[in-house]
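From first to last, the protein sequence lines stand for chains A, B, C, D and E.
Going from the first sequence to our numbering is simple: count from 1 and add 429.
Going from the second sequence to our numbering is simple: count from 1 and add 786.
Going from the third sequence to our numbering is simple: count from 1 and add 39.
Going from the fourth sequence to our numbering is simple: count from 1 and add 8.
Going from the fifth sequence to our numbering is simple: count from 1 and add 70.
For the record, the hints were derived by calculation from the structure and aren't laboratory data.
Because the structure is a prediction, the values reported are computed rather than measured.
Heads up, a few of these hints could be off.
Straight-line Cα separation of at most 25 Å, BS3-like style, residue types lysine-lysine; simulated pairs [stated by the list, open to error]:
| hint | chain 1 | residue 1 | chain 2 | residue 2 |
| --- | --- | --- | --- | --- |
| 1 | A | Lys595 | A | Lys505 |
| 2 | B | Lys915 | E | Lys184 |
| 3 | A | Lys595 | C | Lys338 |
| 4 | A | Lys437 | A | Lys505 |
| 5 | C | Lys525 | B | Lys915 |
| 6 | A | Lys790 | A | Lys595 |
| 7 | D | Lys88 | B | Lys915 |
| 8 | E | Lys184 | E | Lys159 |
Pairwise CB distance ranges, derived in the manner of DEER restraints [said to hold, decoys possible]:
| hint | chain 1 | residue 1 | chain 2 | residue 2 | range |
| --- | --- | --- | --- | --- | --- |
| 9 | A | Ala498 | C | Glu314 | 39 to 45 Å |
| 10 | C | Gln243 | B | Asp903 | 37 to 43 Å |
| 11 | C | Ser139 | A | Arg542 | 24 to 30 Å |
| 12 | C | Gly403 | B | Asp903 | 38 to 44 Å |
Ideal Cβ placement from N, Cα and C applies to all residues, glycine included.
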Amino acid sequence: MIAVVSAKPLIAVLVSLAVIPVLISARKPNVRETWTFAAALIKFGIIASMVPAILAGHTLEFTIAPLFAGIAFKLKVDAFGLLFALVASFLWIVTSAYSIGYMRGLDEHSQTRYFCFFAAALSATIGVAFSANLLTLYIFYEMLSLSTYPLVTHHQDREARSSGRKYLFYIMGGSIGLVLPAMIAIYLIAGNLDFAAGGILAGSIGALPAAALLLMLVFGFSKAGIMPVHAWLPAAMVAPTPVSALLHAVAVVKVGVFSVFRIITDIFGPGMLLNFGFDTLLCIIAAVTILGSSLIALSQDNLKRRLAFSTIGQLSYIILGAALLTQSGMAGGMLHIAMHAFGKITLFFCAGAIMVAAGIKNISEMKGLGLQMPVTMGAFFVGALSVIGLPPCGGFISKWYLAIGTIEAEQFLMLAVLLASSLLNAAYFLPIVYRAFFCNPDETMFEHRIKEAPGWCLAPPVATAAISVILFFYPQPFFNLSQLAVSRILGG
Amino acid sequence: MEELAAVFVARYNYWGVIILMGIGLYAMIAKTNMVKKIIGMNIFQTAIILFYISTAAKYGASIPIIAHGHGAQGHGIRAADYMNPLPHVLMLTAIVVSVATLGVALALAVRVYWNYDSLEEDEILNQIKAGQLNRK
Amino acid sequence: MTSQIPALIIVVPLLVSLVVSLAAWIRQSLCYAAALCAMLVAWISAILVMGRVINQGVITYRMAGWAPPWGISWHIDHFNAIILILIATVALINLIATRSTAAREFEDRPGVFYALYLLFVTGLMGIVITGDIFNLYVLLEIASLSGYALLGMGSGRAAVSSLSYLFIGTIGASLYLFGAGYLYIATGSLNMADIAAILPTIEQTGVIQVSFILCLIGLFMKMAFFPLHTWLPNAYTHAPNSSASLIAPLTTKVMIYVMIRIVLFVYQPEFAFAEMDIDRVIVWLAVIAILAGSMLAWKQERLKRMLAYIIVAEVGYMVGGFWLGNTAGMTGAVLHILNDAMMTLCLFLAAGAVISRVQTDAFGALQGVFTKMPFSMIAFVAGALSIIGVPPTCGFFSKWYLISGGMEAGHYAFVAALIISSLVNVLLFFRVIEIGYFEPFDSHHHKNGQTVREAPLDMLVPLLVTAGLLIVMGFYANTLVTWIVKPAISAATMGGL
Amino acid sequence: MIWQFDIIILTLVIICGIAAISVRDLLGASILFGAYSFMMCLLWAVMGAVDVAFTEASVGAGVSTVFFVAAVFRTSRSSKD
Amino acid sequence: MKSIALTSVALLCAVLIYSTMGFPAWGDSDSPASTHVSDYYIENAVNDTAVPNLVTAVLADYRGYDTLFETTVVLIAGLACFFLLRRFKPRQPQHRLYRHIDTGITLIIEQGGKEPTDSEEFVRIDSRWVPYDLVIQQASCLVIPFLQLFALYVIAHGHHSPGGGFQGGVIFGATIILMAIANDLRSAARRVSERLGALMASAGVLIYAGIGALCILLGGSFLDYSALSKLFAFTPVMARSHGILGVEIGVAVAVSAVMIWIYYNLASAGRHEEGL
């Protein structure tokens with residue numbers, strides 16, 4: 430493995446920040462949106478251009494500034510980070526298109542602010558993906574928290590305010606109250622915070638302090654939505670739907686999961702976790718969240734809230750994958766980042782499209798909607814299949830590997846949890862589809878015919894749904910990256 | 787007992803300093819009248835000045851002005867013959883600082899009197915509280 | 040002539056302040072320009088001095104040509120040099136930013152205001168630069184007296200608050216003077232380096248211990264260390280904005296500098312930490328200070344008052360960090376002096392900008408300021424994030440050192456206090472931000488609602504520069520630590536601890 | 009430097025000090041403070057600090073007292089304690 | 071409050087009493103305070119500065135830097151009193167009182183009324199006016215010139231006897247204050263106006279700091295008066311002696327002016343119309 434010094438990761442992070450002054454100064458919405466698109470495309474292009482080098486087994490590194498003795502503000506691209514960055518930056522393109530349609534469709538206020546903070550949030554997301562050490566990750570993590578705050582509270586009403594409070598309370602409380610001290614303690618123990626295969630703590634810490642640190646970090650990165658620090662996510666659904674779609678199905682929550690994943694593999698290291706038996710502990714934490722959130726999701730009538738609880742559950746799949754500490758489990762977890770992203774974003778896009786076209790937020794009002802909006806609900810169906818984990822959708826592949834991982838790790842209980850959860854997933858998604866296509870609408874509901882959402886809102890979910898299907902047949906890009914990442918972690 | 791008395795007598799100035807500091811500090815904390823507090827502050831400061839002056843004293847020494855008998859060449863000047871001039875210098879400065887502080891304090895007190903028509907701390911505090919209540 | 044550059048730091052502001060106070064009676068309009076030039080010269084010479092210190096090591100400047108300990112000498116090492124730059128920077132930025140505010144607040148006496156302003160800055164610089172414990176007292180009084188005058192000029196309660204500040208400040212300074220007298224009795228010297236050389240050679244009696252305690256208590260009063268903080272909130276709340284944003288960032292910080300200087304360079308760590316054995320007590324007091332400051336800040340309903348209580352908590356950070364007694368803690372304390380001064384400046388300037396437009400700093404009147412004054416509020420948010428300790432603002436880095444110092448020392452209460460205070464700061468600032476951001480601008484609340492708009496450029500640019508500096512200082516925190524803070528501390532501790 | 013003198017004057021200083029802070033009439037307190045300063049000046053003169061004594065006589069006993077009187081003239085003369 | 075006061079006083083006293091036990095006995099000429107640094111001054115001051123009054127020598131030369139700031143503190147007090155108290159706007163409603171000297175009749179002139187300013191028979195009086203005491207008025211008139219002369223002597227003779235710029239300056243200032251008390255504020259202000267006082271106050275400190283800065287220009291350190299020998303035909307030692315004199319004059323100017331200035335502001339509560 431060769432470490433190549435390259436400014437590419439830095440540029441990839443900065444592209445979306447650099448566009449902010451342009452966005453602020455641009456008076457016309459068209460100019461603004463063009464620039465957003467341009468930034469998104471450039472960003473994806475840069476990130477995609479790193480794939481060959483990474484697949485060749487290199488890593489790209491760039492040190493920005495030394496921060497403390499032994500810790501620098503440093504970017505490093507490895508397979509896992511690249512996988513995540515690819516997903517996030519690609520979906521930003523799609524979401525930009527969708528945002529334009531959605532924001533124009535609903536005639537939202539302060540669109541400049543919206544696009545600016547969206548760009549900042551993306552920068553932070555890519556920054557997290559490319560962080561070379563825990564401190565860099567923490568810096569981008571905080572930047573993400575703060576840049577998403579104005580997005581969550583975009584409507585600036587009472588509800589947004591209380592959600593914003595909840596959001597800050599959980600996210601900042603976790604990062605300042607738990608992650609920061611844990612991070613400093615790790616620094617004092619290990620002397621650095623670099624992500625290294627096999628961990629940096631092994632051998633220098635006892636079981637009890639290690640457990641304390643692990644729990645502080647796992648719960649401190651509350652963006653991962655592990656119960657009981659998940660409550661911000663449903664609250665954050667007051668945000669405009671593109672925000673929920675990209676940030677609260679992909680970027681923000683996956684940043685949390687990504688961080689936890691990194692902690693498990695690169696700070697603590699599989700060896701140490703196995704020694705102390707923490708893998709089981711993590712599995713149980715994940716399992717509780719998976720089952721709990723799925724049960725709660727069943728009872729939600731608001732579509733976006735149901736999706737939010739579904740997200741919480743799916744996130745813990747990824748953590749479960751990491752906690753299994755086996756080849757297939759980890760690969761499944763990593764793949765699930767991508768697969769779930771495409772599936773869930775489709776669902777959110779559809780929810781938003783319904784919202785724009787019909788103004789409907791609740792599932793109970795969706796009877797017969799499929800006939801009015803067949804394309805949207807079709808995409809919804811595909812997305813749901815992917816999230817449930819049924820072929821022919823990408824979600825199946827990641828769940829398959831997860832299941833194999835549980836068997837490899839001989840955690841049969843977890844296998845059961847996975848299966849039960851899939852059933853629950855089906856139980857809370859399929860009725861929506863059923864209701865939309867096979868129920869007759871109430872008489873008063875559709876007095877005038879509902880049209881499909883405008884093209885800007887419709888094309889993105891269709892595209893992501895299609896990609897979900899494609900990923901079932903052609904998962905190689907992500908699969909190869911995940912294999913590379915896993916072999917580095919386990920081989921290290 | 788005699789030793790104790792000797793200790794006491796040998797340092798009687800310092801006991802004076804302590805008593806004066808006590809008086810000054812007490813006045814500054816316990817008195818409610820601003821002018822009284824300012825007087826207390828001055829007593830506190832003079833106590834410290836007295837302390838410094840006490841350290842300058844030497845038995846059998848003269849005031850720190852070189853007598854004419856000791857020529858301009860300066861040979862033959864014995865340090866033990868003259869008081870230590872350094873604390874005197876320092877305390878000249880301290881006295882001037884204390885009068886400057888006094889001036890500023892009195893100016894502030896006059897300003898306080900403009901606003902509240904009183905120099906009593908408790909009355910002023912009552913007025914402030916009442917004012918806040920009225921505003922709410 | 041280059042050997043005279045250090046002298047410029049003090050001499051130029053002093054001379055110009057006298058010229059300004061003359062000009063106040065001849066041509067008022069000259070005053071501001073003269074003050075600005077003086078601050079620029081002082082700022083440049085402070086930076087030149089820093090360069091010389093880094094290249095050539097400690098500079099000793101003999102006043103009147105007399106060798107220490109007979110004459111007064113300046114002792115400039117890394118530590119003073121950086122604090123000098125800090126003072127010059129804060130004073131310069133504030134001078135530019137508050138020009139229009141000062142013109143409004145002191146309409147018929149701006150000349151005297153600028154004279155006092157320069158004298159205050161001279162006093163602080165003199166405190167920092169001097170190597171003589173008595174000279175330090177005199178300059179302490181220079182800074183304090185001009186500070187009382189500047190603070191007392193506000194309306195309403197300002198005079199009462201300033202007077203009670205004067206009482207406490209005078210007791211504090213007198214106690215310091217008393218402690219210095221004890222030192223003089225024991226050693227016969229007033230020069231810091233000389234005392235430091237003599238102290239280990241003489242028998243440790245009660246005299247030195249008491250002198251230490253007296254100096255420390257005096258300085259605690261001056262720096263508003265809990266529970267001696269009572270003067271601070273009132274004095275800063277009711278003060279005129281143009282002087283509050285000068286005095287609030289600097290006074291407490293310089294006093295903490297003095298404490299560190301006295302403890303490390305006069306009494307020296309072996310005595311202060313090992314023999315006195317009061318470090319634990321002080322750290323516990325700091326814990327209480329941090330918590331109490333944060334809690335009291337929560338109860339306030341005015342912006343400046345809230346900031347004042349936050350200063351009380353921040354003083355706890357620095358004092359506690361220093362008395363942890365290890366390198367990380369001291370590094371954190373020194374770094375936090377720099378950072379906290381800049382953040383406080385940023386916040387007070389932002390508050391000043393808001394007050395200049397909205398006319399009040401009561402929380403209820405801040406509705407909709409984000410839409411009306413977006414750039415000022417961006418700077419405010421930057422300052423707030425720095426106080427909270429969000430990377431990459433500079434507040435994060437000093438907090439990092441402080442926390443790791445606490446962990447190294449095994450003082451987990453201090454660590455917990457820091458974390459809790461950070462979280463409380465989140466609440467404090469987002470409460471304000473929420474009001475400004477969520478509640479729509481309501482012109483009924485403002486008698487002249489039409490005039491609420493972005494602050495004028497001469498106020499806004501320095502404010503944004505300050506906000507930018509917060510982030511720049513964050514990125515250069517490591518450089519600061521390795522080049523300046525580490526040498527400053529290790530000079531005193533001989534690399535030990 | 010005759011210690012009997014010293015002690016007598018010191019006692020007077022202390023008496024004046026206590027009186028100055030306990031008199032209710034502020035004008036009286038100012039004058040007593042002047043007396044206190046003058047006693048202090050004597051004490052220092054006796055102790056050989058002539059320059060300091062001179063300064064205290066002019067500054068402490070003289071100008072300070074005048075300042076007090078002027079301030080009392082401009083505010084109020086009575087005090088509650 | 072009383073209990074807090076008593077507790078803190080008791081604490082302070084206890085600490086001080088504890089420490090006082092460790093002091094060297096009073097008047098001990100071998101104590102560190104009397105041997106370490108001060109011997110040098112006593113033995114060398116005359117050689118270094120040609121000033122027999124050790125206090126003056128140390129004050130203005132060895133520790134001249136302190137004294138510069140000591141003077142500045144006084145200036146700050148003056149500036150602060152002006153800053154805090156001065157009110158330029160006259161009181162509303164404004165009326166002035168005039169007294170007919172022969173009959174003692176008082177005229178109240180409302181604002182805008184014609185004032186008998188140039189009349190010999192009327193004199194302006196304060197609103198809180200008491201008949202002038204002839205003895206005080208005449209005695210002070212008699213004493214003031216001598217006091218001022220004495221003040222100048224004290225300033226000039228500080229090298230050889232107790233005294234110097236501070237004492238002389240304060241005495242000089244006190245004479246003007248005496249004038250103000252014996253007559254009224256306006257008659258003092260006719261001699262030394264507020265503007266003159268303020269200018270003198272700053273100019274005095276400027277003399278001091280200027281001499282110090284001049285030393286830098288002449289190649290010495292700040293306040294190193296021996297550098298002045300390059301400018302004048304003095305030996306360095308005499309240059310120090312004369313430098314000290316120059317500095318003392320600056321101090322005297324500043325201190326006397328500030329004392330007057332503070333008095334004006336305090337006694338008239340900032341209006342400079344009527345006063346004690």
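Status of the hints after comparison with the structure:
The straight-line distance between the Cα atoms of Lys595(A) and Lys505(A) is roughly 33 Å, outside the 25 Å bound, and the hint therefore fails. For the hint pairing Lys915(B) with Lys184(E), the CA-to-CA distance comes to about 46 Å; that exceeds 25 Å, so the pair is violated. With a CA separation close to 21 Å, the supplied pair Lys595(A) and Lys338(C) stays within the 25 Å bound. A hinted pair counts as satisfied when its Cα atoms are at most 25 Å apart, and Lys437(A) with Lys505(A) qualifies at roughly 10 Å.
At most 25 Å may separate the alpha-carbon atoms for a hinted pair to count; Lys525(C) and Lys915(B) exceed this at roughly 49 Å. Between the alpha carbons of Lys790(A) and Lys595(A) the distance comes to roughly 22 Å, so the proposed pair stays at or under 25 Å and holds. At roughly 20 Å between alpha-carbon atoms, Lys88(D) and Lys915(B) fall within 25 Å of each other, so this suggested pair holds. Note on Lys184(E) and Lys159(E): the hinted pairing holds, with a Cα-Cα distance of about 20 Å set against a maximum of 25 Å.
At roughly 30 Å, the beta carbons of Ala498(A) and Glu314(C) sit outside the given window of 39 to 45 Å. Judged by the Cβ atoms, the range 37 to 43 Å given for Gln243(C) and Asp903(B) is violated: they are separated by roughly 54 Å. Take Ser139(C) and Arg542(A): their Cβ atoms lie about 29 Å apart, and the range 24 to 30 Å holds. For the pair Gly403(C) and Asp903(B), the supplied restraint of 38 to 44 Å is violated, since their beta-carbon distance comes to about 30 Å.
Hints 1, 2, 5, 9, 10 and 12 from the earlier list are contradicted by this structure; the remaining hints agree with it.
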